[in-house]
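Chains A and B are the protein sequences, given in the same order. Heads up, the first sequence is in our numbering, so the first residue is 86 and it goes up one at a time. Heads up, the second sequence is in our numbering, so the first residue is 592 and it goes up one at a time.
Where hints are given, some of them may not hold.
Per the computed footprint, the stretches of chain B lying under chain A, defined by three or more beta-carbons under 8 Å from a beta-carbon of chain A, are [stated by the list, open to error]:
hint: 1; segment: 794 to 803
hint: 2; segment: 814 to 820
Facing chain A, according to a computed beta carbon distance under 10 Å, are these residues of chain B, among others [unchecked claim]:
hint: 3; residue: Glu806
hint: 4; residue: Asn807
hint: 5; residue: Phe809
hint: 6; residue: Arg810
hint: 7; residue: Ala811
hint: 8; residue: Gly871
I should point out that these hints are in silico values taken from the structure, not numbers from a laboratory. The C-beta atom is built at its ideal place from N, Cα and C for all residues, glycine as well.
Residue strings, one per chain:
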Amino acid sequence: MAELLSLAGVHTHIGRYHILEGVDLIAPEGELTMLLGRNGAGKTTTLKTIIGLHRASAGAVRFQSRDLIPLRTPEIARLGIAYVPEDMGIFAGLTVRENLVLAAREREIDDRRLKWLFGLFPPLEKFWQLRAGFLSGGQKQMLAIGRAVIEPRRLILIDEPTKGLAPAIVGALIEAFRELKRAGSTILLVEQNFHVARSVGDGVFVMDTGRITHAGRMAELAEDAGLQRRLLGLSLDAHQ
Amino acid sequence: MIDRLLSGDLPRGRVLSFLVLAVVLALALAPILFPGQRNLDVAARICVFIVLVASYDLLLGYTGIVSFAHTMFFGIGAYGVAIASVRLGTGWDALAIGLIAALSLSAALALAIGLFSLRVRAIFFAMVTLAVASAFQILASQLSWLTGGEDGLTFRIPAVLTPGFRLSEEPILGVMITGRTLLYWGVFLVSASLFLVMLRMVNAPFGRVLQAIRENDFRAEALGYRTVVYRTSASVLSALIATLAGAMMALWLRYNGPATTLSFSIMVDILLMVVIGGMGSLYGAILGATLFILAQNYLQDLMKQAAAATQGVPLLPELLHPDRWLLWLGVLFVLSVYFFPSGIVGRLRGVER
Numbered sequence: 086m087a088e089l090l091s092l093a094g095v096h097t098h099i100g101r102y103h104i105l106e107g108v109d110l111i112a113p114e115g116e117l118t119m120l121l122g123r124n125g126a127g128k129t130t131t132l133k134t135i136i137g138l139h140r141a142s143a144g145a146v147r148f149q150s151r152d153l154i155p156l157r158t159p160e161i162a163r164l165g166i167a168y169v170p171e172d173m174g175i176f177a178g179l180t181v182r183e184n185l186v187l188a189a190r191e192r193e194i195d196d197r198r199l200k201w202l203f204g205l206f207p208p209l210e211k212f213w214q215l216r217a218g219f220l221s222g223g224q225k226q227m228l229a230i231g232r233a234v235i236e237p238r239r240l241i242l243i244d245e246p247t248k249g250l251a252p253a254i255v256g257a258l259i260e261a262f263r264e265l266k267r268a269g270s271t272i273l274l275v276e277q278n279f280h281v282a283r284s285v286g287d288g289v290f291v292m293d294t295g296r297i298t299h300a301g302r303m304a305e306l307a308e309d310a311g312l313q314r315r316l317l318g319l320s321l322d323a324h325q
Numbered sequence: 592m593i594d595r596l597l598s599g600d601l602p603r604g605r606v607l608s609f610l611v612l613a614v615v616l617a618l619a620l621a622p623i624l625f626p627g628q629r630n631l632d633v634a635a636r637i638c639v640f641i642v643l644v645a646s647y648d649l650l651l652g653y654t655g656i657v658s659f660a661h662t663m664f665f666g667i668g669a670y671g672v673a674i675a676s677v678r679l680g681t682g683w684d685a686l687a688i689g690l691i692a693a694l695s696l697s698a699a700l701a702l703a704i705g706l707f708s709l710r711v712r713a714i715f716f717a718m719v720t721l722a723v724a725s726a727f728q729i730l731a732s733q734l735s736w737l738t739g740g741e742d743g744l745t746f747r748i749p750a751v752l753t754p755g756f757r758l759s760e761e762p763i764l765g766v767m768i769t770g771r772t773l774l775y776w777g778v779f780l781v782s783a784s785l786f787l788v789m790l791r792m793v794n795a796p797f798g799r800v801l802q803a804i805r806e807n808d809f810r811a812e813a814l815g816y817r818t819v820v821y822r823t824s825a826s827v828l829s830a831l832i833a834t835l836a837g838a839m840m841a842l843w844l845r846y847n848g849p850a851t852t853l854s855f856s857i858m859v860d861i862l863l864m865v866v867i868g869g870m871g872s873l874y875g876a877i878l879g880a881t882l883f884i885l886a887q888n889y890l891q892d893l894m895k896q897a898a899a900a901t902q903g904v905p906l907l908p909e910l911l912h913p914d915r916w917l918l919w920l921g922v923l924f925v926l927s928v929y930f931f932p933s934g935i936v937g938r939l940r941g942v943e944r
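Okay, chain A solo, but in the shape it has when bound (with noise of 0.2 Å):
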């Protein structure tokens, strides 16, 4: 697979505080990477960092070979780049359609892609004219992902989608990253539920202290306990 997003010796800061120490990291093609790792390992300074939300202080953010750092926020996502925050980032006072149309920017919402959406969601057909800030915890993500995937893009950020839901919304949105796939999405997924890192990985990088520790495929740290333990201890597990 050709690799879409690449980071090469990123270091980010944040004030004072040296939070990136040299990340590299891969997301090819149509695949769903996933990046795991403790809390405070630096994953969503990593997102934040893709998306131009912090400026990286040295190394290469690279998409298509072109490189972002020197790009603002709203310059990277019209190249093509979505991100779902881990607070969805839904705009409460607006309403679901009003999010969703915010999401396709000048363009008017395609029917068809707006019919697969409320297949994949279908809380978004039923709450359309609703105000976001009176949906569920789980509606509300559902909304944060269809407005990450309303219009076609190239690569889809997303920071720890499961957060606090219930199992039968992890279900539908393990389901949701599985569609996504098909539809040849690629998705850099940062997860700290193992069950749905499982489910829906392709490649996975696990950081630690601000610096990748461990690259491969999903599968094959499926498989190993011991890595799992070595590289993720107890924390993953719990949520497990």
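For chain A, the structure is supplied; the task is to place chain B on it using the hints.
Showing chain B alone in chain A's frame:
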């Protein structure tokens, strides 16, 4: 039809719809329903302030920008018309030139302030606008050869808009239609049109982006929106509409001075009207401006009557003395903010949801 006219953004809720409709009808028919110079003056002020407050709500309520320079743009519109009328003579061409010059100056200033300072944090932007507005007010007072200084400028307007002009020799519906009445309806129509334009703006994709920026500008950026461009655009549009409101005010008064359009107390009034009406809803501007200006103009009369009615009761006539109207105005604001924390519109919509 009405749905399209209001850009699909109806007041929502029976009480709110009734109140808005009542105010609009009362303003449209003010020369017939409330004859008298003072009443017409109050109605004209309400029309102008609805536009001014709604244009400020575009900034504060829809985009989350706190600016103290709104009266500066209001003043630029008023001075544009006044200076042009004094210097170029009484005529439509002078009014048009004054208006175009004022709009150009406002657009340039709003663009400069926006591009230089909308990247910084909200509090710094507010400080920059406060400094610029104060500087402009001092400038207007000092450049007396141009602005008339503290005395301001009194000017003449085309004869067809003056009280001496009669549309017919006979009263129509019991009202003598003078140039003043025509000017009032002109102010009403322009105000209504500007309000509808603003309603269209906030319900267009542009308005949704502004609301998204207000909620979280980082999220809006992550969706691909250049927030500085949108904020600056909102700032310029709001300034242009405030300028038009200022021009209407000057035209109505046939006078302009620093205290009439540039004073900081007007800025405070605008803020109060936005908060009382309800931020983030243009209908709030209609109710906020109407209530505030009615209270400003008629509270003293009401208190005079109340004081007379309570003669003989200890303390009450003293408390209700017309000289204490500002105290009661203050009490009314405190009560309205306490009982309507989300403004009248927010409260009425919340109750009926």
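Hints the structure fails to honour: Hint check: nothing fails, all pass.
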